[in-house]
Every structure is written in C-alpha cells, then in structure tokens.
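Q: So the protein sequences, as listed, match chains A, B and C. Start counting the first sequence at 32; every next residue gets the next number (my numbering). Start counting the second sequence at 2; every next residue gets the next number (my numbering). Start counting the third sequence at 254; every next residue gets the next number (my numbering).
Honestly, the hints are just simulated from the structure, not real lab data. Please note that a few of the clues may not be correct.
To be verified - Derived pair list, reagent style DSS-like, types lysine-lysine, alpha-carbon separation capped at 30 Å:
| # | chain 1 | residue 1 | chain 2 | residue 2 |
| --- | --- | --- | --- | --- |
| 1 | C | 380 | C | 326 |
| 2 | C | 345 | A | 278 |
| 3 | B | 75 | B | 96 |
| 4 | C | 326 | C | 454 |
| 5 | C | 380 | A | 278 |
| 6 | C | 586 | B | 202 |
Said to hold, decoys possible - Each pair of labels, with its calculated beta carbon distance range:
| # | chain 1 | residue 1 | chain 2 | residue 2 | range |
| --- | --- | --- | --- | --- | --- |
| 7 | B | 43 | C | 269 | 30 to 38 Å |
| 8 | B | 212 | A | 263 | 51 to 59 Å |
| 9 | C | 385 | A | 248 | 23 to 31 Å |
| 10 | B | 31 | A | 263 | 40 to 48 Å |
| 11 | B | 31 | A | 51 | 20 to 28 Å |
| 12 | A | 336 | C | 360 | 29 to 37 Å |
| 13 | C | 518 | B | 179 | 28 to 36 Å |
| 14 | A | 317 | B | 31 | 51 to 59 Å |
These numbers were taken from a predicted model, which means no experiment stands behind them. All C-beta atoms in this analysis are idealised placements derived from N, C-alpha and C, irrespective of residue type, glycine included.
One letter stands for each residue in the lines below.
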Amino acid sequence: MSRARYFVVRTLQTVAMLFLILTFLFFFFRLMPGNYADIMTFQGVTGEQLQAFEAKWGLNDPLHVQYVDYVTNFVTGDVGTSLRLREPVWEAVKMKLFNSFILLAPGITLGYLIGTTLGTYLGTNRGSLSERVGVIGSIFIGTMPIFFLAIVLLMIFSGWLNWFPSSGMISAVNAAQFENSPWYARYLSADFALHYALPFTAVVIRYINLPALIMRTSVVEVLGQDFVYYHRVTGLPRLRQVRHIAKHASLPVITVYPISMTRAIGGLVLLEVVFNWPGIGYELVQAVLQRDFPVVQFVFFLIAAFVLVSNYLIDVLYGIIDPRVSVED
Amino acid sequence: MSADAPLLEVDGLKKYFAQDRSLSDVLLRREPDYIQAVDDLSFDLHENEVKGVIGESGCGKTTLLMTLLGLSEKTEGNVRFEGTDYAEFDRSDWKEFRRRVQVIFQDPFNSLDPKKTIRRSLEIPLEVHDIGDRERRIHETMEMVELGPPERYLDRYPNELSGGEKQRVSIARALILDPDVIMADEPVSMLDVSTQAVILKLLSRLIEEQGLSMVYISHDLSTVSYICDEINVMYLGRIVETAPTMELLSDPQHPYSRELIDAIPVPNPHADRERTSLEGSTPDPIGLGEGCRFRDRCPKRMDVCETTPRTVGTDHEVACHLYYDHDATQATGEVVRSTPDERLAETGSPPTDGEGAEADR
Amino acid sequence: MSTPLLEAEDLTIQYQTSSGPLTAVSNASFTIESGEYFGLVGESGCGKSTIAKAVVGGLDSNGAITSGTLRYKGTEVQDYSEREFNDEVRWKEISLIPQSSMNNLDPLQRVSDQATEIASVHTDMGKEAALERFQEMFETVGLQPSRIHDYPHQFSGGMQQRAIIALALFLEPSVIVADEPTTALDVIMQDQIFKYLDEMKAELDTSMLLITHDISLVFESCDRMAVMHGGQVAETGSTTDVYDDPRHPYSILLQEAFPDIQHPERELGTIDGTPPESYGQVAECTFVERCPWATEECLEAEPPLDSVDGNERHRAACFRMDEVHDRYEVEGKPEATGIQTDGGAR
Chain A
32 MSRARYFVVR TLQTVAMLFL ILTFLFFFFR LMPGNYADIM TFQGVTGEQL
82 QAFEAKWGLN DPLHVQYVDY VTNFVTGDVG TSLRLREPVW EAVKMKLFNS
132 FILLAPGITL GYLIGTTLGT YLGTNRGSLS ERVGVIGSIF IGTMPIFFLA
182 IVLLMIFSGW LNWFPSSGMI SAVNAAQFEN SPWYARYLSA DFALHYALPF
232 TAVVIRYINL PALIMRTSVV EVLGQDFVYY HRVTGLPRLR QVRHIAKHAS
282 LPVITVYPIS MTRAIGGLVL LEVVFNWPGI GYELVQAVLQ RDFPVVQFVF
332 FLIAAFVLVS NYLIDVLYGI IDPRVSVED
Chain B
2 MSADAPLLEV DGLKKYFAQD RSLSDVLLRR EPDYIQAVDD LSFDLHENEV
52 KGVIGESGCG KTTLLMTLLG LSEKTEGNVR FEGTDYAEFD RSDWKEFRRR
102 VQVIFQDPFN SLDPKKTIRR SLEIPLEVHD IGDRERRIHE TMEMVELGPP
152 ERYLDRYPNE LSGGEKQRVS IARALILDPD VIMADEPVSM LDVSTQAVIL
202 KLLSRLIEEQ GLSMVYISHD LSTVSYICDE INVMYLGRIV ETAPTMELLS
252 DPQHPYSREL IDAIPVPNPH ADRERTSLEG STPDPIGLGE GCRFRDRCPK
302 RMDVCETTPR TVGTDHEVAC HLYYDHDATQ ATGEVVRSTP DERLAETGSP
352 PTDGEGAEAD R
Chain C
254 MSTPLLEAED LTIQYQTSSG PLTAVSNASF TIESGEYFGL VGESGCGKST
304 IAKAVVGGLD SNGAITSGTL RYKGTEVQDY SEREFNDEVR WKEISLIPQS
354 SMNNLDPLQR VSDQATEIAS VHTDMGKEAA LERFQEMFET VGLQPSRIHD
404 YPHQFSGGMQ QRAIIALALF LEPSVIVADE PTTALDVIMQ DQIFKYLDEM
454 KAELDTSMLL ITHDISLVFE SCDRMAVMHG GQVAETGSTT DVYDDPRHPY
504 SILLQEAFPD IQHPERELGT IDGTPPESYG QVAECTFVER CPWATEECLE
554 AEPPLDSVDG NERHRAACFR MDEVHDRYEV EGKPEATGIQ TDGGAR
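If we strip away everything but chain A, and leave its shape as in the complex, we get (with noise of 0.2 Å):
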C-alpha cells in the first residue's frame, strides 16, 4: 500500500483511539467508588449547598446526558470544572502541565541525543575498553530510579556545592516581580534557569541509558548485514559508513521513544515532589487523593493523547525514513 495511505490511516487510528480513551475515562471515574461529596461534606459544606451544587453542575442528571454533555463540551474546548477549585479544569492545570513539558520533553529528547551518539560509538567500537565502561556505566545509572538520582543530584549540588536552589520552580521572594509580567517573563529569567538546571540534568542522565544500549545492540547487529559490507567495499569514507550505519540502527531507537515517554510520566510525580516542582504530576496526586474527577479525568486523558500521539508522530517519523513501511507491516 501506498505511504500516503500509510499515514492518512495511521490517523485515523489515532483520532479513534483517543476518542475511545475519552469515553472510557468518563465512565471509570463516574462508576468509581468514592466522591467528592465526602471530600465535599469533609470540608464544611452543607447539605443543601451540596445539591444546589450538584443542581449546577449536572451532577444529578442520568449518566448518558452527563456523558454527552461531557463530550460535546470537550470538543468545543470545555474540559470540565474541578471539583476542588472551582475552576475550569483548564486554567487549573494549564500552567502545571506546562511545567512538566518543559522539563520533560527537553530532558527526554537531550537525553536519547546524547544515548543514541553513546550507543553509535560503543556499537563501532566493540571490544574495546572504552566500550566496556561506557556499557556498565550506562547500566549502572539505568537502575538507578530518577528520584534516587534527583536526590544525588541535590546533594551534591545544591546541597553540598551550593550551586542551585533546592526546590521549587522560581523563588518565593523573586515571584513577586513577574505578577504584573506577561506568563512567560518568569522563565526567561536566570532564577528559573537555576532552579531548572538541576531537575533537567536528572531527566537527562536518566535517559540515556536505554537509547544508548538499544542503540548499541543496533549497530552490532547491522555491522553484519551485506550492505554494510557493500558500503565498505565501494569506499565510502568512514564517517559516511557510520552515518547509514547509524540510519538503520535508529529504527528500533525510534520506536522505544514513546516507551519512554510513557515511563517518564510515572516517575515525573516523584521527581516533583523531590524538587517540589509545580508541575502535572503533583497537581494529579492532589486531584486524586481529593476525588477531583474532573481535573483527574483530563489529566489522564492528557497522559493517553499524549502517548498516542508520540506513537502516531514515531510512526509517522519511521515511515519517512523507512521506505518500506505500509500498515500490513
């Protein structure tokens, strides 16, 4: 079949499966045991400013309205109203989500970069002992959990060089002069550069290990093939043999990327508790311990797009440089 076919299809898929995720995600928070009207109750609210607040917000009407309410509005860009906050979900979460982004994708990509350029090199240069340390080496920081890592880096450098600041995204003292700035002011300034340093450097180390050994294995097992030979044998200079080496080894380097986007979202709650940064993942444990289902409910659903669509864009990448890929494959 076609490429074009190929990726006409590949989106739909993916349009389709977000759309299942949605609908599931709905259902499975609603049925769930436990609701905010004991978190609500907990709180001080009253009996009857509980039903005027479930009149309001459509808490009583029957499931499939709710659910229909729910989807239409979604589509037009309401995605609910946090329970806890009363706030739409969107203004609640926006900034954190953005917080997270900003540390994650950055560290994430920087890290496969630098593991993917490791694992060339330590695929060409087997046997060596260069090889050897660079293999333990990357395994050894691979079991290491990013929080454990994050509290290393901490330590060290905020804690015994003083290099950094130890939590938090901007200071107390110095948020007080970005209230009247426009958003993104805040993180331009040399104060949020210091306090990202040291969470980014955790993400990165911690993402180099799997591209880099993947990546490794790679390359071994496309030294043996023919055209590797082939390229050799013709004269290409080395660089360049490395360079269509490299093409090929990164197919499977690809296609674990969205793996680990995946993982990082699980580790992204306790790498923010440990440096207490305003992101996703700690907005989402307070949302979950306080029944918020709305704020959870969208958060999840982001968590999902999110790892879809990472596997619709790797696809998508893969089917640009592999010339062969169709949907059968």
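Use these hints to put chains B and C onto chain A, whose structure you have.
A: This is chains B and C only, laid out in the frame that chain A set:
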C-alpha cells in the same frame, strides 16, 4: 513401476494463501488476493519409485512438499496416503504416517539441533515412536550411511562435522524409523560438488536396498537426473511436463522445460551454447486466472493459450497447447494429440517472442 | 609482454584467530590481462573469496597479506594507504559484484543516491553526469533507466543483482571482481545475467575476475582460469588448456564430479574427504589426503606452480603432473586415496 495401488496420491491439489488485507479492505468486504502457490496439481507415487519435482524459486515446489508432509493444509483437492485422505487421519494415523514418511532437508547446517549429540538426534525419533533396541538400530543406520566406525561420530555435536557428514546424519535420521517414503528437499544443493555425487550415490543405493520411494525436490536438473526415475517440471504452481528422466533431457516438449534445460551451463569451453532468449523473471502467482501460466514469456505463444491447457500423453505428459488440438478435443470429447508444427501451421499465428516485460513490481 | 593488469605472485593471506594464523591462501600465483575474463574456481574453503576481498581491499580486519605480492597495474596493493586506495583505485579501477545475497543494496537509500554517493567519493563527476552514466548502465543490463530512483525493495532478486552490476560498472573500471554473482539465482536468471556480462566484454573492454564454485560458468564465460584447493593454486591456464589437458589431480577429479546436462548418463566422479584448514606456513600439498596419486614427496613441500610441457601459460602445482596425466589417460582414477608408499605403482 509397480502396478500396485500408489502410496501417495495427489488429486487436483490447490493451495492458496490469502494475502493480508488492509483495514479498509476488510470493512468494505473486499475479497483478498490469493497467492496460488499450487494450482490443480495431480501426482502419484508408487512403491520403489523416485520422482523428481523441478522448478525455479516461486514455482510452488516447497508448498507441495509441505502439503505432502501434512504440514500445510490444502485449500482444495485431496491428498491420500495408501488410499486414505489426510483429512481423515486421526491421531494414531498421523503417528503412523510420520513414521512411514520421512524428510531430508536442504540445509545441513540448520537441520540438526546444534545442542544435541548425533546419538541423541538419532535416538529421539525412536523414543517418540516407542521403538526399542536403540543402540543396535543407531549403529546399523550409521553404517548404512557410511559413517563408520559409528563411535567416531555418535558423541560429537553437529558443528564438529562437515557438511557432507551432517547430511549423512540427516539421512540416517530419516532412515532410522524404517520408513516407506522419503521426501527430499534439495538435499545436496548446499554441499560442495565433490560431495554431492557421494551423497547422491548413497541415496541411490539406499533406495535400491531398502525399497524406498522418494519425492525429490530441486531446482537443479543436473543432479536430479542422477537419482530420479521420472521428472515433473513445475511452473507457477502447475506441473507442465512429466517424463522419464532421460526422455525429458533428450526431448523436452514443454517450451518452459526446453528453456530451463537450455539455460544450464555446460562444463565444456568448446561447447557453443546459446544464451537464453527468455526475458524477465517468473511473476508472482497472484490473481492469475485462466490460461497457460507461461504464455507471457513463451516463445511459442498462440491465441489458444488463453485457455488452460490440459495434460496430454501417457508416459511423457505435457500440458501445452502445442501438443493437443483444443478444438478437435472439444468436438469429439476425446483428447486429440497433435504435433507442434501442426498446431502452429493451423492456427496461423507465428511464434511471438514472449513479452517478458519487467512485470515484477 | 606488457604489465598484466592484475598479478598475484606467491601470495599468502592469513587471518589471525584464537587458534593461530589461519592460512587462507598459500603462495598463490596468477595473472589477469586487460580485456580478459579470468575464472577462479574451487570449493568452499579454498581461498577464492579471500583473494576476491584482498583485490578490492575488503579483507576482514583480522586478515592480511603476510607474504608475496598482489599487484594492480604494477603497483602493490599493499603499498596503498586506505585513503590512496579509495582515491585512486577503488571502484574507478577495481569494482566488486558481491555474492548474490539480496542484501547488498542499502534498503534505506534510493539506488540512484547510492550511485551518486559512490561517484562523489571517487571522482570529480557532478551529480548530473554520474546519474547519466548510471542510467546508461541500467540500460546495458536490461533495466529501465527511469527506475534508477527506486528503492531496492521495489526490484525483484534478479533485478537487484543487475542493479548491483550496473553499480559496479558505471565508473568504467578496468577490473570487475565478481564473487559468486549468480549463486542464489535461478538458472534462467543466471543465464540472463551472464548474457549481459558477455555483452559488456564486447562493449566495454573490462577484465573480470569471476570467483565461483561452478566450473561450467568458468568454462563457458572465461578466457583463462585457475583452480584452487585448500588455499593453493592447483592449476592455471586457458580454459581450453585446463579442460583438454588437466594436469593437477584436483582439476581432473573436479571436472569429473561436475554433472553435464548434455551427458546425463555419465557417472559422476567423487572426491573423498574435505579440504584441510591450514595454520601457519603450509609445507605440503593441501590435496594430499584426498589425492589418489599422492606419494611421500607430496608431504614434504608445497609443490611449485610449474609450466606444463614447457607452455608458460599453462601451469600446474603437482610433483607428478606428467605421470598422473599419463596414468589417468590409461587407467582412469585409481580406487584408493592417500599416500601410496609404493611410489604409486599399481
């Protein structure tokens, strides 16, 4: 050739593989394309007969082998062993079948388990079929395949043996259950020439001594002729010619057989063999429909070749319109044989050079 | 006589292994002239592939020429640095048609891109010029010129092999090394490819070193040849010489072992045993264990490649080449193999 009932019978066998369909095809309920690996093939094997099946890659010979071994289910037609259809076998029938019909594969490097000693590889079939007196049988079989003294080999691993020695072990493994039929899939093509003849002679001798029957599958006509009584030439899932070996080699009737034989290089610098004039390569056996499958490349193509040719002849059979009068057959109901010159003359269509377009992709 | 195009003189190539230096080629000598198709034939392990790799500078990392010389147009191949070899010799002068596995073309590259890349490394030809030349080659090998921009998987096996041939030719080298170019292909496809190789000879005046285990290909398509066994050159000469008057026992027996479709009733010859794996210096004839005419002499030293009946162009490496030939004519092949202590009298 004995006049007894045949051991193996294949009747109008068809084996089709459905090609993968895309999601939209499934939703729109479109019929999948079929790879017609074997198409309406008939064949039989009697006691102490050695029949060769020759064809190039993609002709369906491996699929045929798999079906004969019961490893692949037929799509249509029937396959019978001693009169019973495979489809009617129960578990004990299959066990019996597996003992009596054995196989030798092509790749000596891959057909023996590298983690098992030679002795173990030979023991296992005996264990599976609950046959006793194992040491003696193992030793006897090793002597049969001329791997002596057996002690030299039995405790070794496959990687310690040469290609020829490994192939002998494969033959021993096939013989140890005292089978009636052996299927051989290119058993010598991966061996050096100097060893090929040795193994072929061994097989020939064993067939004679043990009264075996064999179906010998290969792409190499020059070695097949050494061991087979009769040769079947396959092209795109069909048998196009069947003849006793020497007759096929001296008088190939089907244009494809002729092209095949003519393309074989001759080990003589003085011989002046002409290179093949056939263009292109064998197409994929997909969606082929009616008509002779060789017509796109055939130098002797005629209009009537759009219809599927029937097989004519008794001892030397060929499925080609050049050899029978299609119209006359229809009229009288009997197959009327003709000679190629007659056919070409009467249809008035000169032999066209097969188009052989690069219809590969 | 002018300098031969390619010349091997007492060439020894060894691989460093954990069991010691494996001698893949021992004191091999042969010459290839311009415009000549030369066939190097032998069974597995005889060293022919090693020689092919040495000629194109593609020996595995643990292999090296340890003694003797391999000269291209008079200059020793050893004397070139990797860089120089790339700039001056590789692909422009000597190119390779590798063994016909279907995996030689880079699946992620268009065939035309692979061609332009090779051209840019070895010549100053612009991209346009290179593509034009490549398209011409596609036509020569019977492929549609418009298809140069396809990916390898879009071609069938036989077409891929022809594309490889086009790649080997388009810089118009003086020597093409063809290492088992048609082994994995069907016989009709093989014939088609050799048809193109024949035509090339007429049109382009290239030489070819054809490496194969199939002696019929050599007899049909080559002018001169060498037969190798266990790393040693057993016999070399024109194809007619080696066919009409074989002097080395291996040449004789090898020809007997090859089936001839035009004489299907002929009994096939056999050769007992397998070629030896030699480590370190080889000091005997590697055929001795399998040879029906062997004597003590054959164990004492490597037989030199001497001319047959004074003909410099026909040489055999056998101490008993004259006797063997006479005996074979009269008696045929003897029954026993291995050393005959009675001096071979039977």
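Q: What are the numbers of the hints the structure violates, in ascending order?
A: Numbers 7 and 9, in rising order.
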